[in-house]
Amino acid sequence: MNLTVVKNATCTFCGCVCDDIELHADGTRITETKGACILGQSWFKNHTAEHLYPDALIDGKEATVDEAVEAAADILHAAHLPVVYGLSNTTCEAQREAVHLAEVVGGVIDSHTSL
Amino acid sequence: MKNRADLIIYWGGNPAECHPRHFTKYTIMQKGRFIPNGRKGRTMVLVDIRETPSAKAADVFLQVRPGKDFEVLTALRAVVKGQRVDAAAVADTGLSLDQLTDLANRMKACRFGVLFFGMGLSMTRGKHMNSAAALTLAAELNAFTKFVAMPMRGHGNVTGADVIMRYTTAFPFGVNLSRGYPRFNPGEFSTIDLLVRGDNDATLVLGADPGATMPQPAIRHLSQTPTIVLDPKVTHTSRLAKVHITTAATGITAPGTVYRMDEIPLPLKPPLVGPYPTDEDVMRRIREAAERKAHIAA
Numbered sequence: 195m196n197l198t199v200v201k202n203a204t205c206t207f208c209g210c211v212c213d214d215i216e217l218h219a220d221g222t223r224i225t226e227t228k229g230a231c232i233l234g235q236s237w238f239k240n241h242t243a244e245h246l247y248p249d250a251l252i253d254g255k256e257a258t259v260d261e262a263v264e265a266a267a268d269i270l271h272a273a274h275l276p277v278v279y280g281l282s283n284t285t286c287e288a289q290r291e292a293v294h295l296a297e298v299v300g301g302v303i304d305s306h307t308s309l
Numbered sequence: 130m131k132n133r134a135d136l137i138i139y140w141g142g143n144p145a146e147c148h149p150r151h152f153t154k155y156t157i158m159q160k161g162r163f164i165p166n167g168r169k170g171r172t173m174v175l176v177d178i179r180e181t182p183s184a185k186a187a188d189v190f191l192q193v194r195p196g197k198d199f200e201v202l203t204a205l206r207a208v209v210k211g212q213r214v215d216a217a218a219v220a221d222t223g224l225s226l227d228q229l230t231d232l233a234n235r236m237k238a239c240r241f242g243v244l245f246f247g248m249g250l251s252m253t254r255g256k257h258m259n260s261a262a263a264l265t266l267a268a269e270l271n272a273f274t275k276f277v278a279m280p281m282r283g284h285g286n287v288t289g290a291d292v293i294m295r296y297t298t299a300f301p302f303g304v305n306l307s308r309g310y311p312r313f314n315p316g317e318f319s320t321i322d323l324l325v326r327g328d329n330d331a332t333l334v335l336g337a338d339p340g341a342t343m344p345q346p347a348i349r350h351l352s353q354t355p356t357i358v359l360d361p362k363v364t365h366t367s368r369l370a371k372v373h374i375t376t377a378a379t380g381i382t383a384p385g386t387v388y389r390m391d392e393i394p395l396p397l398k399p400p401l402v403g404p405y406p407t408d409e410d411v412m413r414r415i416r417e418a419a420e421r422k423a424h425i426a427a
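If you read the protein sequences in the order shown, they are chains H and P.
Residue numbers for the first sequence, in our numbering: 195 to 309.
Residue numbers for the second sequence, in our numbering: 130 to 427.
Hints are computed from structural coordinates only; laboratory data are not their basis.
Ideal Cβ positions, reconstructed from N, Cα and C, are used throughout, including at glycine.
Watch out, some of these pointers could steer you wrong.
Stated by the list, open to error - Subject to a maximum C-alpha distance of 30 Å in a straight line, what follows is the list of computed DSBU-like cross-link-like pairs (lysine-lysine): (1) P/K160 <-> H/K228; (2) P/K131 <-> P/K160; (3) P/K362 <-> H/K239.
To be verified - What follows is a set of in silico ranges between Cβ atoms, one per label pair, in the way DEER data are often shown: (4) H/D220 <-> P/R312: 48 to 54 Å; (5) P/A207 <-> H/S236: 40 to 46 Å; (6) P/K275 <-> H/N202: 27 to 33 Å; (7) P/E420 <-> H/L197: 40 to 46 Å; (8) P/E420 <-> H/N240: 31 to 37 Å; (9) H/N240 <-> P/A261: 35 to 41 Å; (10) H/V200 <-> P/V189: 38 to 44 Å; (11) H/G221 <-> P/A272: 53 to 59 Å; (12) P/S352 <-> H/D260: 24 to 30 Å; (13) P/E417 <-> H/N240: 27 to 33 Å; (14) H/N240 <-> P/Q192: 31 to 37 Å.
Excised from the complex, chain H in its bound form:
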């Protein structure tokens, strides 16, 4: 078992985005969260590196990522007004891709800010 220690890790649970957390991980899960608040602790300990969920689902049935990507593109291409929504719990790099996708499919792009 390999212990990884990450100093000054960044927490993305709330908008504070604290970047002074020390994380200890054993390769599968995060075992210690020094400096994190109670919300940050549960955030970090709630996710693991295990394969707990199917790679993808189409109509509730397991599928490959390739099949799901194709199905998603079909839906968005066929739609008159698709919406790309959310963008909170993700990276800026993915957000840029989301704007690009909305432009390509001629849709609306929106985040939690509008709530």
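Given the coordinates of chain H, assemble chain P onto it according to the supplied hints.
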């Protein structure tokens, strides 16, 4: 803020429970360059409809009647400008004219004021109009002193979404690109309104779970039209979606950049390596596949 703010106002938010380190890391408890005494050098005001645990930290707590925030903000703007305000009309908001006058005086007398507004302001009666009133109040106070307003962001990188959309489309949220150029109109192109009216015919959900949080009519429309979900877990929204793709968890198994609520970009340092692709990777693949289909159709 840390170095200069001597008046800190939280409006419609409960940082003690929702942003536990906000006081100690960013605002009232910090010693700053021009606030050498830390907490003693700052005044904190809390405005809310109920006395939350954050009230314990406040010097002044003002309890507003639910749904009256817009009226309070508007009266406050008038008091700040020295206009005549009807005391009976103010009393209807749950506050007295004396309380508003005291707050207005504190705002005008401070050296640097900050107004943090939470979802108790931006998501209750008045919504966008409340946020606009808070921003206008802060702007007008700059005739007397230095004053800023900032939303208390709930979810991780929602600030990043504002920044990215601003520099790519010129608008921060609710941007309609269907005509090939960006159009912005909150209330018309905001997701919840589109869903409730049934205006859109497909939805891709990334880094959110509207199936757990949105009102019933919006959720019904998500389940009746094709929905695509990218999430590290199978969520409420995934269960009513046509397509779900599991992706790496931001900052835990996925690297990248996120924005703090004061618009400082920070790098992520994921401590684990997971089995799933990142949101960025999957979004790029969907976009490339959609481009191929558009190309064939043309």
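Quick rundown of the hints versus the structure:
no., hint, verdict
1, P/K160 <-> H/K228, "23 Å, holds"
2, P/K131 <-> P/K160, "7 Å, holds"
3, P/K362 <-> H/K239, "14 Å, holds"
4, H/D220 <-> P/R312: 48 to 54 Å, "50 Å, holds"
5, P/A207 <-> H/S236: 40 to 46 Å, "44 Å, holds"
6, P/K275 <-> H/N202: 27 to 33 Å, "31 Å, holds"
7, P/E420 <-> H/L197: 40 to 46 Å, "44 Å, holds"
8, P/E420 <-> H/N240: 31 to 37 Å, "36 Å, holds"
9, H/N240 <-> P/A261: 35 to 41 Å, "36 Å, holds"
10, H/V200 <-> P/V189: 38 to 44 Å, "41 Å, holds"
11, H/G221 <-> P/A272: 53 to 59 Å, "58 Å, holds"
12, P/S352 <-> H/D260: 24 to 30 Å, "25 Å, holds"
13, P/E417 <-> H/N240: 27 to 33 Å, "32 Å, holds"
14, H/N240 <-> P/Q192: 31 to 37 Å, "35 Å, holds"
Consistency note: the structure conflicts with none of the earlier hints.
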